[in-house]
Amino acid sequence: MCSFSPDMKLSTVIVTVQVTGRKPIKDNKPSSDSGSKSRNGTKRSIEGQTKSPTPRLMEESYEDEEEEEDEHGDTLCGICGGNYTQDEFWICCDVCERWYHGKCVKITPAKADSIKQYKCPPCCAKKGRQRGQVLLATVNEATIIPFISGQLNNLELAVNLAKRGNLPGAENLVVQRFQELFAQTKYKEAAELAAESPQGILRTPDTVAKFQSVPVQAGQTPPLLQYFGTLLTRGKLNSYESLELSRLVVNQNKKNLLENWLAEDKLECSEELGDLVKVGYTPDYMFLLQTILRTDPQGAVNFALMMSQMEGGCPVDYNTITDLFLQRNLIREATAFLLDVLKPNLPEHAFLQTKVLEINLVTFPNVADAILANGMFSHYDRPRVAQLCEKAGLYIQSLKDPEIHFKYIEAAAKTGQIKEVERVTRESNFYDAEKTKNFLMEAKLPDARPLINVCDRFGFVPDLTHYLYTNNMLRYIEGYVQKVNPGNAPLVVGQLLDDECPEDFIKGLILSVRSLLPVEPLVDECEKRNRLRLLTQFLEHLVSEGSQDVHVHNALAIKADPSRVMDYINRLDNFDGPAVGEVAVDAQLYEEAFAIFKKFNLNVQAVNVLLDHVGSIERAVEFAFRVEEDSVWTQVAKAQLRDGLVSDAIESFIRADDASHFLEVIRACEDTNVYDDLVRYLLMVRQKVKEPKVDSELIYAYAKIERLGEIEEFILMPNVANLPNVGDRLYDEALYEAAKIIYAFTSNWAKLAVTLVKLQQFQSAVDAARKANSAKTWKEVCFACVDAEEFRLAQICGLNVIIQVDDLEEVSEYYQNRGCFSELISLMESGLGLERAHMGIFTELGVLYARYRYEKLMEHIKLFSTRLNIPKLIRACDEQQHWQELTYLYIQYDEFDNAATTVMNHSPEAWEHMQFKDIVAKRSPIDVRHHEIDRSSGRERAIDV
Numbered sequence: 001m002c003s004f005s006p007d008m009k010l011s012t013v014i015v016t017v018q019v020t021g022r023k024p025i026k027d028n029k030p031s032s033d034s035g036s037k038s039r040n041g042t043k044r045s046i047e048g049q050t051k052s053p054t055p056r057l058m059e060e061s062y063e064d065e066e067e068e069e070d071e072h073g074d075t076l077c078g079i080c081g082g083n084y085t086q087d088e089f090w091i092c093c094d095v096c097e098r099w100y101h102g103k104c105v106k107i108t109p110a111k112a113d114s115i116k117q118y119k120c121p122p123c124c125a126k127k128g129r130q131r132g133q134v135l136l137a138t139v140n141e142a143t144i145i146p147f148i149s150g151q152l153n154n155l156e157l158a159v160n161l162a163k164r165g166n167l168p169g170a171e172n173l174v175v176q177r178f179q180e181l182f183a184q185t186k187y188k189e190a191a192e193l194a195a196e197s198p199q200g201i202l203r204t205p206d207t208v209a210k211f212q213s214v215p216v217q218a219g220q221t222p223p224l225l226q227y228f229g230t231l232l233t234r235g236k237l238n239s240y241e242s243l244e245l246s247r248l249v250v251n252q253n254k255k256n257l258l259e260n261w262l263a264e265d266k267l268e269c270s271e272e273l274g275d276l277v278k279v280g281y282t283p284d285y286m287f288l289l290q291t292i293l294r295t296d297p298q299g300a301v302n303f304a305l306m307m308s309q310m311e312g313g314c315p316v317d318y319n320t321i322t323d324l325f326l327q328r329n330l331i332r333e334a335t336a337f338l339l340d341v342l343k344p345n346l347p348e349h350a351f352l353q354t355k356v357l358e359i360n361l362v363t364f365p366n367v368a369d370a371i372l373a374n375g376m377f378s379h380y381d382r383p384r385v386a387q388l389c390e391k392a393g394l395y396i397q398s399l400k401d402p403e404i405h406f407k408y409i410e411a412a413a414k415t416g417q418i419k420e421v422e423r424v425t426r427e428s429n430f431y432d433a434e435k436t437k438n439f440l441m442e443a444k445l446p447d448a449r450p451l452i453n454v455c456d457r458f459g460f461v462p463d464l465t466h467y468l469y470t471n472n473m474l475r476y477i478e479g480y481v482q483k484v485n486p487g488n489a490p491l492v493v494g495q496l497l498d499d500e501c502p503e504d505f506i507k508g509l510i511l512s513v514r515s516l517l518p519v520e521p522l523v524d525e526c527e528k529r530n531r532l533r534l535l536t537q538f539l540e541h542l543v544s545e546g547s548q549d550v551h552v553h554n555a556l557a558i559k560a561d562p563s564r565v566m567d568y569i570n571r572l573d574n575f576d577g578p579a580v581g582e583v584a585v586d587a588q589l590y591e592e593a594f595a596i597f598k599k600f601n602l603n604v605q606a607v608n609v610l611l612d613h614v615g616s617i618e619r620a621v622e623f624a625f626r627v628e629e630d631s632v633w634t635q636v637a638k639a640q641l642r643d644g645l646v647s648d649a650i651e652s653f654i655r656a657d658d659a660s661h662f663l664e665v666i667r668a669c670e671d672t673n674v675y676d677d678l679v680r681y682l683l684m685v686r687q688k689v690k691e692p693k694v695d696s697e698l699i700y701a702y703a704k705i706e707r708l709g710e711i712e713e714f715i716l717m718p719n720v721a722n723l724p725n726v727g728d729r730l731y732d733e734a735l736y737e738a739a740k741i742i743y744a745f746t747s748n749w750a751k752l753a754v755t756l757v758k759l760q761q762f763q764s765a766v767d768a769a770r771k772a773n774s775a776k777t778w779k780e781v782c783f784a785c786v787d788a789e790e791f792r793l794a795q796i797c798g799l800n801v802i803i804q805v806d807d808l809e810e811v812s813e814y815y816q817n818r819g820c821f822s823e824l825i826s827l828m829e830s831g832l833g834l835e836r837a838h839m840g841i842f843t844e845l846g847v848l849y850a851r852y853r854y855e856k857l858m859e860h861i862k863l864f865s866t867r868l869n870i871p872k873l874i875r876a877c878d879e880q881q882h883w884q885e886l887t888y889l890y891i892q893y894d895e896f897d898n899a900a901t902t903v904m905n906h907s908p909e910a911w912e913h914m915q916f917k918d919i920v921a922k923r924s925p926i927d928v929r930h931h932e933i934d935r936s937s938g939r940e941r942a943i944d945v
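According to the UniProt record's numbering, the sequence shown is numbered sequentially starting from 1.
To be clear, the hints were calculated from the coordinates, so they are not data collected in a lab. Each hint should be verified, as a subset may be incorrect.
To be verified - With a Cα cut of at most 20 Å, we get these calculated PhoX-like pairs of lysine-lysine: (1) Lys188 / Lys163; (2) Lys444 / Lys419; (3) Lys407 / Lys444; (4) Lys758 / Lys776; (5) Lys704 / Lys758; (6) Lys391 / Lys414.
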């Protein structure tokens, strides 16, 4: 930064050189200060020679000054454009190297001396950044509130900061505070808290419901209105709040409030809010449809379809809409509308189905033909439509009536035209299959082919088989299976088995079809009837022919002779391993099932057979070592865990690299006290999952095996353990050394102090109690030190306890019950000098003096008579029969009657002549005084005698 002013008279030039981590920015634009090249060159040479960022003062000769004067003569200000003059202060930008009037950039010579690097306003306004420049510095909003509430333990600050900065992390604290206020019926404070809740966590429907549930007291504002009023003063309501408030306002017919709030942008608009305040209007759909029909027929169709899809049904009858189209001869539009709305093909639309067909059969027969061909409708008036089809020349459509076809079949059968019956049953698609089947069975035609056609086409194969078998028409059964449809042979075989047909006929029937027979459904039919061995010859025949069909091999292995199953397993390769293995398990052929699963590399199923059925964990472990699969080791580990082999199970889980069963492993280790192995397992689990349970149990396991060094290392590393809970658990189980580490790390000084007491580390316990600064902690440590006869430390703790009035008597009784009278008196005497010493300390010390140090009692009473609880000390002196001190206390308490009575009743111990005269002088009435004087005179005579 270069600057010069008239005050210097150009005798000196102050050059400020700023060394930065960037290259100087050069201005490539032509500058008005073209005459400053020599000056710029001078500055660059200075920067090249100077390494320090501190200003340097250079003095030039008068000759150089004259050169500078000439040099700056052509310099123009970068802002006002004015020429250089000697009576003005100028300054140079260190970025663009332009010169400016000091007054133009509002910089004085004094201010220029304190600037290390100057940037002119145009350079400051340029976008971009310099290397090393901090663009943004902010806090981590997601963690600042948890840090304040957790680490600093300042809940109030956390809540206030979250509310003020709208920061996350204080949700639980805010919700808890809200519930407390609500439970205390402080609805206004609860509403304010909800309105200011960070990120609107309390601005929910649940909060509105809570305020709604509060009963309204007579003459008071409902809490719900208080809540909404608080929100309105704070800002804008959300959509749900706006809706609920609007309901209240609409019910009270105060819509002007809604208008005001909307104008002030206090409500969030939504569709539900619009529905709440909308005006009830029912449009005249008939009028609208008629209006659209006049100008846009296709638009009318779309409008009619829209009405048909309205909730609650179409407001205009379909037939009426159709008539409107037909009145304007809009046949195509009417057809399009009806075809769309009649798609469900409902019985109640029979009239409309007939109508659309009638319209098109008269005007557009090809359209009607397409509709009938697609089979869209089935409830129309068939006789009426058939007549219209015949008139329109659609003879095929008119003959599609099932009843006509059935009558034709019936007539042909009764007239003996069997070939015609066979043709129609084979070619026609319009007769009623069930009705035709029953007729043909009752007719008992000599030729069964018509019945075979009907049953084969429409799935009545079991009925057909039963009919043919019972009527001894076995050759038709063979013909149907061999020539007509071999694929239905399983159904035929199944029905024959149900009809108890001889096995020889069934076997012969099966063998006659051979490879054309589908094996899987045939096996299913035989297996349903427990007649699977019937197929043995057939299946072995297929295998001998080299069949590779999987179902053939499956069927041969399933339900075979147990003695031959293993042979089949070893010999056959193409059967379905999983299916056959499951069947073998169901048949209790466990070794065979294991062999099957092992053969097909189904290792998990194989090891499950060994574990669940064979019951041999040893063989399962051996098998797992052989295959070395993680899933196999997992199954072995679970079985070992069930059998109580916890160490072996952990080893297996580690081999399986399986961390999914850590909860079961932890429970098992706790039951069996196997913590060394648990540590190894949890270290593996930590590499897979990040669970607080895992890290917490690992710390606990370290503590159980007394590996305290590992605990210290672990908690210093990143972890998700629930350290407070772990520390409490360790303390409850008397693992105090480990608990001490946890409490010290979490700064739980109160628990740390108690733990150190358990470890007999009393000095450290006192230090921890000092950090905890809790009366309860001080008291616990104090009592422990008394029990351990560490009276010096006990006194340190006691001084922090006795300043609490409520705890003073408890401390005193604790000391006295253990016979520590001198130590207690010493504690109380030390407490007299405390800043927070109260009347209770002075009084309790007086009581102790009365009991154990009589010689100090009077001195104490006289010194601190104004700070004593005199009635309490009077009782103590009376109990201990300290009459002189008792008299003094009565006098201090203005109880002169009691003082006189004490002196008279307990002289000469309490007698003092001058004192008694003062007491009598302050007593009344006069006769009492004479009585006392007489007694006093008599006492003096007695004393003289």
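Query raised in the report: Where does the structure disagree with the numbered hints, that is, which hint numbers, in rising order?
Result: Number 6 - this is the single hint that the structure violates.
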